[in-house]
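K.L.:
Sequence:
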Amino acid sequence: MLAPRDAWFANRRWFQLPWFPALLTISTISSACAGGNSKARTDQQAIQGALGKPAAAATPSSASTAPVWQSLFDGKSLSGWHGFKTPGVAPGGWQALDGTLTRVSPAEDLVTDRTFANFELTLDWLISAKGNSGVIYRIDPTADVTYESGPEMQVLDDTGHPDGKSPLTSSGAAYGIYPAPRGVVKPPGQWNSSRLLVNGAHVEHWLNGTKMVEYELWSPDWEARVKASKFDQWKGYGRAQRGYIGLQDHGDRVSYRNIRIRELP
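Taking the numbering used here, the leading residue of the sequence shown gets 129, the next gets one more, and so forth.
Keep in mind that the hints were calculated from the coordinates and are not lab data.
One or more of the hints may lead you astray.
[What the hints assert, rightly or not] Taking lysine-lysine pairs in the DSSO-like style, the calculated list, with each CA pair at most 27 Å apart, reads:
(1) K213 / K363
(2) K258 / K358
(3) K293 / K355
Please take these sequences and the hints and turn them into a complete structure.
P.N.:
Rendered as structure tokens:
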């Protein structure tokens, strides 16, 4: 027996009428559209919500945050340099010649206008026969002379100058403190390439692609070596954590070129 509702539905048989399928189709489409509109509204709300939020800040790439190399010598002038005791004035004994920074006559040590703390420095140098010079770093502007405060990377004709007889004072050495290996420097009249890395207490000297010395400032070993050297008489030696970079005038002709630096954090 059919339930009253089912009997009513069966007796009417209106679903067998010709127009019923069309009505069913319309109903189905309407339901689908209603559901689709609901989803569309949900999607639109999500989009609006996203648009309403501020965009996340872009994260700098490693390339954009890497230290930038800068030239310290433009090849044409002594702009950016001065005599150690003559601020704002470059001594006449240093000249820009044919793209090189050259000591041509008596002068004083040439230093950068800016001071530097942590950095990587690269340069090329050419020394005259029996010549002597050096690259001195973290020079205290209040010192009497550059080498009383700043450690030195030696620049030398090892074969012709007396200092070349000792590894402690030969080319590439941390002058008087850490010895350099032999046979790396090129003879007078040929260009050498040096690299100086100073990062906190860590220091490296490189010459023609070879690491010459590596040391830690203020370490027990460094302190002992300084105490055993002539630099012990100057209590400010190697203590500055920022200072000038200097090119030493030791009385001989020397040329520098391609002087570039990048500051480290």
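K.L.:
Which of the stated hints cannot be reconciled with the structure, identified by number in ascending sequence?
P.N.:
none
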